[in-house]
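Trainee: What follows is the residue order along each chain.
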Amino acid sequence: MLTSPDLAAHRIAAEPYYRPVGDEIAVFEAAWAHRLPVMLKGPTGCGKTRFVEHMAWRLGRPLITVAAHEDMTAADLAGRFLLDAQGTVWHDGPLTQAVRHGAICYLDEIVEARQDTTVVIHPLTDARRVLPLEKRGELIPAHADFQLVISYNPGYQSAVKDLKESTKQRFIAIDFDYPAPEIEAEIIRREAGVEAGLAATLVAIAACSRRLRGQGLDEGASTRMLIHAGRLASGGVGLETAVNAAIVLPITDDADMRAALRVAINACLP
Amino acid sequence: MKAGEVGEVGAVMERPGPNSARLAGLLAGREGLAATFAATRRRLVAARDPAGLELWAEGALALLDANAGALGLLAYARLSEEQGHRLGGAVLGEVARAAAQLCRQAGAKATEAALQAFQSLAPAMDGPGERALFWAGLIRLAAAAPDCVVPFVGRVGEVWRAGHGADFAGFIEAGLRASGPATAHGRARRRAFFALEDDLALSLAGRIGAGIGFAEMEGELRRVLTALWGSAPQLQTLPPAGRDVPRRVNIAGPVLRLPDAWPGLNAPAARRLYVASAVHAGAHLHFGNPRFPVGRDKPVQIALATLVEDARIEHLAMQRYPGLARLWAPYHRASADDGPTVAALLARLARGLFDPAYADPDALVGKAQALFRAALGEIDNPAISREIGTRLANDIGQRRLRFDARGHVTEPAYRDDGLGLWDFSAVDPEVTAEVEMIVEAARIDRRAGEDGKADGPPERSAVGRARPVSAGVEGVVVATYPEWDAPAGIERADWVTVKAMPPSLGDGAALARQLEANGALRARIARLVKAAKVGRASRLKRQSEGHDLDLDAVIEVAIARRAGLVPDLRVFRSSVLTQRDLAVLVLIDISQSTRDRLAGGLSVLDVEKRAVALLAQALAGLGDAFALMAFASNGRGEVRVHEVKGFAEPYGPEPAARLAGLSSGLSTRLGAALRHAGAMIGGVRSFRKLVLVLTDGEPSDIDTASADLVADARRAVLQLRGRGIDSFGVTLDPAGGGEGAVGEGAANEATAIFGKANVLPIRRVEDLPARLSELYFRLARR
Ligand SMILES: Nc1ncnc2c1ncn2[C@@H]1O[C@H](COP(=O)(O)OP(=O)(O)OP(=O)(O)O)[C@@H](O)[C@H]1O
Ligand SMILES: [Mg+2]
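Chains as they are written, first to last, in full-length UniProt numbering: chain D, 1 to 270; chain F, 1 to 782.
Note that these hints are calculated values from the structure, not bench results.
Treat the hints with caution; some may be incorrect.
Said to hold, decoys possible - To give an idea of the interface, some chain D residues facing chain F are shown, with a C-beta separation under 7 Å as derived from the structure:
# : residue
1 : L139
2 : L212
3 : G214
4 : A259
In this text, all values refer to a predicted model and were calculated from it rather than measured experimentally.
Ideal Cβ placement from N, Cα and C applies to all residues, glycine included.
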């Protein structure tokens, strides 16, 4: 994996389908105009990633996505020395690449990363717009087109996993949620290639499961799950089987909860 | 069989065997008895079973031997007359021997009653196995609680179900366990239980032979209702009633009351009926309106308006959830063949309104369907139910059909009793009496007791359970947890309710001063803290990956290269948190027993508080994540937790004041507290998680036997371990001191719960503060 200066691999050629839900596109464009960092909040599978892809395409910028995880260190973002035949060479991390060459950098699920990791983004996200590389004693000023976007699911984390106040307060936030029923049905129709009636049924099922959030389910069925169920169903699997495989089984292991979900699902099926 | 015949056949065996002869001899002086037995014997002779006849006589001798008295013997004779032809002499003899055994424990009166009960139940018993279970159950009861046999046998018909002999035994065991220790109070409870004057007894009895009960369904129903209607009403059981009374769900304001069980239904059928009824009631709550004032409405009008309202809310529900039609349709089976009663006609009307395609020969059904169809434009308006209901009621009135208000039961079975739809406060005095009839008819719990007994307790319990939960001193429900029912071998879902109690603040500063007074101890703890802190974050050198280079290693690589050697490529440094990446939750038992005073005048709870305060200071010094939580319980409906300090907040004056403000009371439902602690600590990110339980005795509570709570707590510990959470019990066990060895009293139970290596019994409660902190450092090092 070597640095490709023009980041060609990260450019998005075709328009990713995104159905606007509110004024999120306008807000993002305004933030972009001032290169303000953006935080996308919302539950899993509600379209955050798709939205960023769409915006990167719309603004004609390459997009570098990093999925944060528990063991992620600052070096994973910024870069590290590696060994080769001649000795040590520096290798830019994804964040550094984006900073140097003017990409949109999307840090998915930032809370998962250790807190010391999140601190490296601080100088980038205030007026300084620089990335200090301590290891190399280098200070990289951000490219004029660099923008940082993070995602953050406030729903089910404990207080311990929350973002630091000093991190939160650097971002413009856009709130995502599952779209209104008609819009969600439209998205499912389009993404899964199913007819309107089936899409509406899936949305009704999702509504049932979302009411159980916090009552034994950590999250209700996401738009993503509904699309999966729709694809299975349009692929010839019976609807009940499709919903079971794409929604009930993945979402919970609790027998009572599954039984309750199946009752609700049966009520929704025509 | 005619007497003459008996005589002729009997002549063959007129010569009595040795037992018969002995029996005749012993009865010789007792005129009435002798005559009865002679007559009974003659009848048995007809069976031509000489061996059986001897065994029968042997049974009578056993009863005589056991001092069963004239009444006991007469009961045996009567049983033999009634059932002899069916059971035969050998079986009767066996029964008599069992009855004699009962007699030795519980006396003649109990024996007479038991034989009488057996006589009426015997036809419903399935062979020798069931008979044996019946008598074994009674003998078990007689051995443990002889005084309960007579009252129990009087109502044994409500507990015995053919084919469910094992449940009969289970019922007796449950009664013996539920009554707790043999204090005067315990004995009174036990008597009430076996006289079926106790709610638990009635509900257990109701469930014998029923496939699945409310307890198993409650969690699922709550979730189904939430999923479909957005919120779940409070779910409760109806007061227990006799098993032959048809049961219907009752809506009481925001509370839904369902039967404990549906007697006679197998598990899948019972489950379907629970779901169908709950969803129907949920639709009432969702689409219904303020209640209809009764005003001058007649019972028949009320019944019909209710029926139309049922159809209206179901119509709305099926518009939103088309699949509900499949849920309810199987219950609409009424047809013109059901007979000419009004009740049957109402059931057909219900079907016709539910299913527009249903065609009934009675024009009234067609008329109802037409009226309903015409009103569909206004389906959101509950007033149409009353309008249509009134018109249908008039038709029924004109036909001079008699409506039996008292006997009225809503059909089909999944529909609620309808009382929740009406406001009975504004009843016109003229019709009061009539309306009361219908109310009373539906209020089956009242009707249940023919002997008037059932009136009292169920009413009281209904009030007790419906008690509104106000916030404030009552606490807020924060969670429900399952509980392991050891004797039944099942986990009861959502069985225990945990309430978070509002903090009451005490004098935290005084608590701190008490600690300061003990300088030596604090100094020792401070040293431990310091030692534990050193080397907290450790850097690992020479790693094959890491976040930066290990300079020394890099230089060695360079040297090795120059020298033409194979370099060691592990040239990175990484840092790991040491083993002590630890979160701990201290669970403090504040049940009634912690009120006990120690020699020094302090209560157990006072010492607990000091120990926890000391530990908290140490933990705060270490920077380990920790939380403090106290618990006590008042039955499964109310496990109270007091959050003294959460993981997120620092230990400061406020948590100290909350700690100082704890007070003793209530019982120890440890399993639920452990599960709640697990839920709290589960969200914390740390390498190791530890729940430290501070308790002074075995788990106990008012509604469950201690042994079962121990089993449940054990299970909770194992479940936590499965999730990577260790639990450790520190037991204050001053009483165990005399015997010396570990394994006495509370420590014994604690070992059963936490495992031998995870218990620290503390004999001198005063030592607790020092020992608790030391223990923590020991555990933290593991
Ligand atoms: N507004 C939308 N327009 C188009 N597609 C959408 C929209 N919302 C959701 N989707 C669909 O839902 C799927 C899941 O969305 P996406 O992957 O963006 O979720 P996410 O919010 O990033 O989830 P996570 O937090 O789990 O990463 C997408 O692949 C897309 O098909
Ligand atoms: Mg109803």
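Trainee: Confirm or reject each hint.
Mentor: We went through each hint and held it up to the structure:
1. L139: With a minimum Cβ separation of about 18 Å from chain F (threshold 7 Å), the hint on L139/D is violated.
2. L212: holds, 5 Å
3. G214: violated, 10 Å
4. A259: Check passed: Cβ of A259/D comes within 5 Å of chain F, closer than 7 Å.
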